[in-house]
Each structure stands twice: as structure tokens, then as C-alpha cells.
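A.B. asks: So the sequence lines, in the order shown, correspond to chains X and F.
In terms of this note's numbering, the first sequence opens at residue 12 and continues consecutively.
In terms of this note's numbering, the second sequence opens at residue -3 and continues consecutively.
Bear in mind the hints are in silico, worked out from the structure with no lab data behind them.
Since we're looking at a predicted model, the values are computed, not measured.
Nothing false has been slipped in among the hints.
Residues on chain X that point at chain F, a partial pick, calculated with CB under 8 Å:
hint, residue
1, 129
2, 130
3, 131
4, 134
5, 135
6, 151
7, 152
In the EDC-like style, the derived pairs of lysine to aspartate or glutamate whose C-alpha atoms are separated by at most 20 Å in a straight line are:
hint, chain 1, residue 1, chain 2, residue 2
8, X, 41, X, 206
9, X, 138, F, 9
10, X, 138, F, 6
11, X, 233, X, 251
12, F, 29, X, 126
13, F, 26, X, 126
14, F, 17, X, 149
15, X, 233, X, 244
16, F, 27, X, 126
17, F, 97, F, -1
18, F, 26, X, 127
19, F, 27, X, 132
20, F, 27, F, 69
21, F, 59, F, 89
22, X, 41, X, 227
23, X, 41, X, 222
24, X, 27, X, 72
25, X, 139, F, 9
26, F, 5, F, 105
27, F, 27, X, 127
Have a look at the derived ranges for each label pair, beta carbon to beta carbon:
hint, chain 1, residue 1, chain 2, residue 2, range
28, F, 133, X, 207, 50 to 60 Å
29, X, 205, F, 130, 50 to 60 Å
30, X, 188, F, 26, 32 to 42 Å
Note that beta-carbon positions come from the ideal geometry of N, C-alpha and C, so glycine has one too.
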Amino acid sequence: MKTLEIENVHANIGEKEILRGLNLALEPGKVHAIMGPNGAGKSTLSKTIVGHYDVEVTEGDIRYKGKSILDMEPEERALEGIFLSFQHPVEIPGVNNAYFLRMAVNAKRKHEGKEELNAAEFLREMKKYLEMLGMKADMISRSLNEGFSGGEKKRNEILQMLMLQPDVIILDEIDSGLDIDALRAVSEGINMMKDGKRSFLVITHYSRILDYIKPDYIHVLKEGRIIKTAGSELVAQLEEEGYESIEEEA
Amino acid sequence: MEETIAKYKEDFDLFPDADSKLEYIFDLGKKHKTLLPEEKNDDTYVHGCSSDAWLVGECKDGKLILRGEGTSEMAKGMLTLLLDIFSNRTTDEILNFNPEKLHDLGIIELLSPVRQQSLQAFLKKVYEYAQECKEKA
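Just chain F, with the same shape it has in the complex (with noise of 0.2 Å):
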């Protein structure tokens, strides 16, 4: 997860101002891929984000594998970084991540705090997924 965090961070570093990096964000979420119809529901909304959001956590082999779909371009953009970063992990390494480290990635502070708020809803999905995956397992 580190890894494709500085990989990310690189990209970030790329661009001279702020409003280049956020535009970098919607740039990701051509990227974006859709869920099926029935796979947007209640347990798969993400609450508490600034626009509707939904995740899908499935468990396999020991990895969570995560898959979402956004409505603003933004969260389109945004799931397509987390989601690089998040899924196909296994449930320990996505416990034991401190979102801390998100801050490496440059970009977390330029955005709004409702977007901050955002994340902090997609991370939340994350982990009860995780925490799920490994109680199952």
C-alpha cells in the first residue's frame, strides 16, 4: 500500500499547483468503473460522503477486494486513487494501515472538509469490510 502511495505521491509532485493536482483526481476518474444496479443498495452506500457513493467488499483468499462506483467526479476520481490502494490487500494489511500515510500522497489537505469528511466515510466502509473479511476467514 506504501508503494502505490509513492507512486501516486510522484505523480502528485508532477504538478506545479494545487488546482493541477485536484484536476489530476478527476483525470483518475476517467478510469472509474460502475457497479451493477443491484450491487448499489443499502449495505454497499457509502453514508456520511458528500455525494452518493457505493462499495462493494468482497472477500477472496485472504485479500479484500473492493470495487465502488461515484457520483461526482470527484469521488469518481478519488475511488479510483483508494481503491488502488486499498484493494486486493490482505485484511491485516488494510488493519494495520494508519490513513495517516494517505497524507504522503500531497493532496489530502487541499481538499474541502467536506471532502475530507468523504474519506473519512470511505475508509470507515473500508475497514468494516476488512474487519468482516478477517472475522470470516
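Only chain X is shown next, with the shape it has when bound in the complex (with noise of 0.2 Å):
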């Protein structure tokens, strides 16, 4: 089974319609990359896959293992796996970094069924990943995102992905503003997530980051829908060739 199939989603953002017909499906333990000029509807897919109010889908359906999400809020979305990593995340000034992760976690774990983690253990987990992302201890009792640098907001992102654990990552432009060492240590959280099961769908401008986490599948978007579906050699002639090369599949 898919894990996210996406069939000829239309959808708007006020009153113009961004979304035309879009047809993609993620498959289990596969890396997705989503390339595009800009405005070809890149940020707009990944705001319609976890139900972001801005949006409007006037046609089509997204099932997520098989089972249409599109009446889901977007967090009955999050807490069934559906996680996006996003391309601005927002600072959140008085809400503690450490608490506000712990609450979303303990939230999936109830809705799993699972115990609830306990400051400590959720504590040590976090350092772990902390560590691992080449990130301060202070991230614990900073406010979220609050006086981050663009890399640190990044990170951010990726610790949120490793303490959740989700089965459908979207990562938004997860590479932009990242230095090489950040580019690395984001890249190492990513491809510690892939377990054969889990899907990711990667959308980006650049090459670089698609040479640390090998995508299976490069899609390519214009005008909202999805024109041409290959593999990481498109890359190439991309970089070479620009948008403007690639012709529509029938």
C-alpha cells in the first residue's frame, strides 16, 4: 500500500487556485523529491497534505494508508504521522522549546496508546538527538524558535522529526539558509529516520542536500501539477537545463 496518495488535488489559496490536478504517491520507505520553479505550487502541496487553513481543496483526495485525510484537522493529521518540517518555522516567544515538544510527543504517545514519557526520559532522549544535531544544551529552556539563527530553526525542525517519529515526512525547503555543517547534520537526522517503512517527500531549489539524502524519485512541479516523474538523474539535467527543459509526460 501507498502511504500517501495524492489524486487530482485541486486547491486554492483565496479565491486563485494554485493546486491543478495533482497526482503523487509516496511510497513506503521511499525518498520523494519535489522540484519546481518558483510559485509552481511546491509550499502549497505540503500546507494541503497536513490541512493547513490557508488552503482549500475544491477537488480530488489525499489518502494517507488508504484512508482519505481531507476531513482531518491538521492535528488529528500530525498525531496519526504526518509530520512537515516548515520552510519558516515561526518563533514562539514564552513557550519553552523542551515543553512544547514534550507536550506533542506525550500527545502521539497517548494517541498510540502508549505511555507518556516522563520529563526525564523525555529529557535524555532529547539530549541525545541534541547532541546528534550538533545542537547547544540551552535549546531545553530557550523559547521555541525565539532568537534562533536560520540553522538552529532547521535543526529544530529535524530534532522535532527525530522525538516524533512520524511515518510521512515532509520536509519544506528543509536545506535553505543551511550552512555545509548544518546541511551535514540535518541530512545525518533525515537519514536516520529511513527504516524501509517511512515515506519523505523533499522539496527543494538546490542539488546539495539531494547528494546526502539519495531520493528514490524526483518529481517535478509546475503550475501545480506534477509534469514530469523520474529518477535522481534528473537532477543533473536540471542543474544543467533548468525548468524550462522539461516537457509535460502524457
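With the hints in hand, could you dock these two chains into one complex?
C.D. replies: Take a look at the structure:
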């Protein structure tokens, strides 16, 4: 069974139709990269999957593990195991980073019928990943993303992913604004999550992250539709010839 | 008992400040179990505790089995922690235990004077039960 199936989805933001009959199926254990020019609908696609309030789906369906999720609230989709790493993570002053993440982790554990982690169990786990991602220990007591550098914000997104252990992982331009060390750390975190079952949807403009997270499929998104799907060899063609060279597949 | 204290010390050391250490005590209270209504009586009442608390002590095979119930969040957390340290130990282990070792936890000094007094009241009750248990054996 496909992990996520997007079938003929049309979606608007405001009055404007952004996704225009988009079809995409994520396979278990596979890394799908979405590339496309600015304004193609890449971020709208990620927002549509997680149920962002800005997006109105006017046609089509999205099924997660065989079940339609269009009527589910964003938090229900998250509890079920769909994770989105934001392109621009939001700063929330006054909300402690560790408390926020612990509440999210325990809400998901509760949903899965597992015992909640107490504060010490949680911190032990969190510190392990902080170290792995090269993050400072004070991330525990700081407010969520407040005053974080671009790299720290993206590492924090990956920390959330590692702690939440989702089944479908959508990474919206996780590589933007990262220096090479941060890119390596973030990629290492993502690669740790590969278990042959989880599906990844990596939205990116650049090929460099795909050197670290080897994609199984490259999908080109243009004007709200996937116009081409191929293996990783497509990246080189895109780098060389740009999106204009890509002809829509029949 | 020292091993259990060391285990908790490791936990408390994970927290960066006093507030989060105290919050962890509240967190421990989530595992707190209650007593039967008939077990909460004058004999089991912990006198000197800042909030109502009861402690039941039973001797079994030379060991003291303790169960307790507290009413405040702090009492519930501290009881969970202390019962883990003191319950199911031989009477000699308890009577020979130096309560100063509880300071190794790194949290006793964070407790308010009233709560430190509650801790003393708890310890007094535990030692009374241990003494009775030893005498019966």
C-alpha cells in the first residue's frame, strides 16, 4: 500500500487555484524529491497535505495509509504520523522549546496507546538528539525558535521530527539558509529516520541536499501539477538545463 | 536505597534549573497511587506534613512495604519518589539509612522550609513503621 496518495487534487489559496489536478503517490521507505520553479505550488502542496487553514481543496482526494484525510484537522493528521518541517519555522516567545516538544511527543504517544514519557525520560532522549544535531544544550530552556539563527531553526525542526518519529515526513526547503555543517547535521538526522517504511517528501530548489539524502524519485512540479517523474538522474538535467527544458509527460 | 537515590540524582541532573527539577517532582506524582478510604485514618495520617498525607506500612518477609497518598501535587510527587527509595526494603536497611544521603538527590535544598518539615514528618513515620516491624520479627 502507498503511504500517501494524492489524487487529482485541486487547491486554492484565497481565490487563486494553485494546485491543478496534482497526482502523487509516496511509497513506503522511499525518498521523493519535489523540485520546481518559484510559484509552482511546492509549499502549497505541503500545506495541503497537513491541512493548513489557508488552503481549500476544491477537488480530488488525499489518502494516508488508505484513508482519506481531507476531513481531518491538522493536529489529527499530525497525531496519525504526518510531519511537516516548515520552510519558515515560527517563533513563539514564552513557549519553552522542551515543554512544547514534550507535549507534542506525549500527545502522539497517548494517541498511539503508549505510556507518556516523564520529563526525565523525555530530556534524556532530547539530549541525545541535540548532541547528534550539534545543537546547544540551552535549546532546552529557550523559547520555541525565538532568536534562533536560520540554521538553529532548521535543526530544531529536525529535532522535532526525530522525537516525534512520524511515518510521512515532509521537508519544505529544509536546506534553505543552511551552511555546510548544518546541512550535514540535518541530513544525518533525516537519514537516521530511514527505516524502509517511512516516506519522505523533500521539497527543494537545490541539488546539494540530494547529495546527502539520496532520492528515489524526482518529481517536477510546475503550475500546480507534477509534469515529470524520474530517478535521481533528473537532478543533473535540471541543474544544467533548468525547468524550461522539461516537457510534460503524457 | 543508595542505588535508587543515584538513579534519581541522574534524572534530576538532567534539568537545567531549580524550577524544572521541582516540576519533575510534580511529574513523578502522575504515577501516584491512592489508598483505600478505610486505610486513611488517624494511625496512618502523617502528622506535621504541610498537606494531608497518609502512609501505610506492612511487614512482609522481613521487609517493610509502604504505600501512601498525598493531597497536594508536591506531596504526590515526593511520595512517589520516597516510596521508591524506602519501600520494599529490610527493616535494617531502613533503620541504618542515613537520611542525610537524601541530599545527594540535589533537590532537598530546593524545598521550602514547610516542605522540608513535611519530609521530616514522612521520615519519622517510616522509621516508626520500620522499628515496629523489626520488633515484631
